[in-house]
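Number of protein chains: 2
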Amino acid sequence: MFEFAELGNKISRQEFDEREPELHAGLLAVQRKLRDANFSVVVIVSGVEGAGKGSVVSLLHKWMDPRGLTTAAFWDETDEERQRPRYWRFWRAMPPKGEIGIMFGSWYTQPIVDYALKHAKRSEFDQALERVRHFEDTLVDDGTLIIKLWFHLSKKAQQKHLAKEAKEKNIAVSPFTKAYARSYDRFALVSERALRKTDVRHAPWHIIDASNARYRDMKTGEIVLERVTQRMSEGVIASGRKGVSAASLHKADEPAVLSTVPLDLKFDEIRYKTRLKKYQRELYQLAWKAHQRHIDTVAVFEGWDAAGKGGIIRRVTQALDARLYRVISIAAPTDEEKAQHYLWRFWRHIPRDGYHTFYDRSWYGRVLVERVEGFAQPQEWQRAYQEINSFEEQLVEHGTLVLKFWIHIDPDEQLRRFRERETVEWKRHKITDEDWRNRERWADYELAVSDMMSRTSTEIAPWSLIPGNDKRYARIEVIKMFVERLEQALS
Amino acid sequence: MFEFAELGNKISRQEFDEREPELHAGLLAVQRKLRDANFSVVVIVSGVEGAGKGSVVSLLHKWMDPRGLTTAAFWDETDEERQRPRYWRFWRAMPPKGEIGIMFGSWYTQPIVDYALKHAKRSEFDQALERVRHFEDTLVDDGTLIIKLWFHLSKKAQQKHLAKEAKEKNIAVSPFTKAYARSYDRFALVSERALRKTDVRHAPWHIIDASNARYRDMKTGEIVLERVTQRMSEGVIASGRKGVSAASLHKADEPAVLSTVPLDLKFDEIRYKTRLKKYQRELYQLAWKAHQRHIDTVAVFEGWDAAGKGGIIRRVTQALDARLYRVISIAAPTDEEKAQHYLWRFWRHIPRDGYHTFYDRSWYGRVLVERVEGFAQPQEWQRAYQEINSFEEQLVEHGTLVLKFWIHIDPDEQLRRFRERETVEWKRHKITDEDWRNRERWADYELAVSDMMSRTSTEIAPWSLIPGNDKRYARIEVIKMFVERLEQALS
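Residue numbers (my numbering), protein chains in the order written: chain X, 1 to 491; chain V, 1 to 491.
Isolated chain X (complex conformation) (with noise of 0.2 Å):
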């Protein structure tokens, strides 16, 4: 695919004078209006070395106000990064809407030199542009434009341009770089197959012919504006692929499978107390175990207003040194997560190797409340269940421990914990007319949950359904459930 791009293309100095401050004012106007819009604009620069890559982004710096304006490059790997899955670092560099954001270097930077320096295989490498794919799915359902551009040379043209650009910068040309042209043959037929498998309608790749700077410059430009200027005139709400058509969901019509949890299981105290010490001893224990081994564990706390995750998650804490955990509530999202996918803010908080982080409600909020209360259209909260999915599967294969917890009581049992939070002084916070109307929906809610089990109780990462009408069941039903899937991660 690429020789179509090797066409020797030109543009003069003078065309190049002529046709820029038009293009300079386009950018910037529709970069100003972008700053309303709701969305973002992610730019991959990407492609051979020796095409000027670093000219273009800064091209594009000149060109842009640099208010809203970040590049982003994942050269150079943290201990912060490599402690948590790959996917991390670039959530962590993704603009928040309205602004604009550069990829130097990439999702695609690491499959490509991988396979072409055969230290993944195909299927490895057919896997990780499987991710790619899907992760910019995800982002293009959420509004985000996403524009590809990929600075092609020929073999010839990329040897002239290096040997040229170290004479320039009177530098030697680096090392890796020789490395890099003399496997040209290898990162062609390589980044070919990547494009391929990636170039789809809502995020195609944009191949762009390198050998002449200023035909470079001017076709990014050209490029850039275009793609937003569309993206524009498309609207806000108008959002995400077109012609996708939202998973269909049957009815449940089977019995509900919250109706399976045996509801009148109890502990008396005595039990309750000696297991509950034993599980924690054993907990705090394999913890540091864990902490030593660098394996990290993410915990989801669901289930209905009242069902005792509070108070379960604090005996599960109390097991744990205060420096291994985190709890991560999650309320209103702050105006930095508004203006990001909603996997974003959870995606802050995934903790480093040899850590804990226990997640007090989560991104399931998306298919429970946010589906229940509209919150969400429903082409979001259906596409949800495959984001969620993809999101635990870069966990779990990451070597991270997925445990998510669904603590579910009966409709009476509410009601009975509902009156006692009324009546008791230091419980009264706790209950509020948001819980109240939310348990009017209940039926709602019980639908949700359904679709929700049916759909993100994967192998890798299932859903465990606790009894929760007696809280101390609840909590030693939990506490044992993590020290048995810590135990397994560990042998």
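It should be emphasised that the hints constitute simulated quantities derived from the structure, not laboratory data.
Any given hint could turn out to be false.
Copies of the same chain look alike in the list, so a pair counts if it fits in one copy or across any two.
Derived lysine-lysine pairs resembling DSS-like cross-links, with alpha carbons at most 27 Å apart [as the list claims (entries may be wrong)]:
#1 LYS338 to LYS97
#2 LYS155 to LYS167
#3 LYS338 to LYS33
#4 LYS178 to LYS160
#5 LYS62 to LYS278
#6 LYS266 to LYS471
#7 LYS266 to LYS62
#8 LYS167 to LYS480
Given chain X, put chain V in place with the hints provided.
Okay, now just chain V, sitting in the frame of chain X:
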């Protein structure tokens, strides 16, 4: 001072059980009120090994709502932290207003350990404590409540506790714990000095006898409850240290420093182009050398509206590899930023070793626009000079090159540029009503700039006054200065 804590205070189980519910309810209530308050609470948990600091932290988590409560531990430094000034990791962990942050380990740990283990001299220890004191002043002045808890055990009690803990948890006493116990006396001596030197009225130490766990826990809860309640009663406005008089600013009756800038300096097109090319080439190479040598740069660009800051920054960044720098344009703070000390939003972008951050406007906004427009109270902007000097000192101590440019133009030149902006299509967005309003307050700003220069142009981080009437001259001047300072730092 510690011996006075060894009073053998005890609380019986019965008494504890009787008093706990009230304390629990009180903490929850005050935490709820805190949510709407305009300050944050920092609880420092420190003390001797074996005193049960971890249990105390767990208990605070048990007593309080996890929403609005986080614990930060500082034992495990990442490279992203190591590659920045020491306090970056503390700034990063600061709780937002309305929340409580427990510091398990803190800015005290390293100074104490370093000096106790004789890795640091006494003068270095005292200097580190001076930094601690200034840091805490900075937080308190911003309204933050700092509760400093020191858990004390006698040598005998410590040995008993460590042995008991090891037995209970069925683990060997960890090697570093043993080492600490061996050097009990030395640590006691050093800690005492640390506490004495930082025990100030607005951030006093609470020494808690930890030999009886119930006493320790009850006392901790009571202190936290009492201090937060008391701080709350002081109201939202009365922030900061009491009795701290604002630095008295004498009228700038000496000739304004800005009048000394030779604004008639000019470069013609040819001279400009030749020099620009020369310095950009030099800068490119120096930046790579700096990267290899792990030297980072923080450059601040301030100046009148339309002084040409953006154009200058672009000429500098053009010369750099896009992977090595970031431009931070200071606009309105996000709500996460608003909930923190004003320096927090600048700390968060401090580069790692080997990288450059350019601030297009900066922390100097505090003593410029915030002063002139009245967004900051007089005591706020007056104490900012010291806060800023300390901030920059920390950067320089870490090895960061700090460059500060004031781009100066005169009122006539500004008027000319404003008019040009109004007429040239792609420059029109650059001029707003606010610019015209600011212009009317030229004299106020001039006074603020004068004060800023005289108070923050330090030996380690001097201001460079750049004549800006001729854009070409200004650009060359800045890039040349950058080259010279980098060369100097590299030699």
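Hint check:
no. : hint             : result
1   : LYS338 to LYS97  : both (9 Å within a copy, 19 Å between copies)
2   : LYS155 to LYS167 : within (19 Å within a copy, 69 Å between copies)
3   : LYS338 to LYS33  : both (19 Å within a copy, 25 Å between copies)
4   : LYS178 to LYS160 : within (12 Å within a copy, 64 Å between copies)
5   : LYS62 to LYS278  : between (64 Å within a copy, 19 Å between copies)
6   : LYS266 to LYS471 : within (8 Å within a copy, 79 Å between copies)
7   : LYS266 to LYS62  : between (68 Å within a copy, 23 Å between copies)
8   : LYS167 to LYS480 : between (66 Å within a copy, 22 Å between copies)
The structure shown violates none of the earlier numbered hints.
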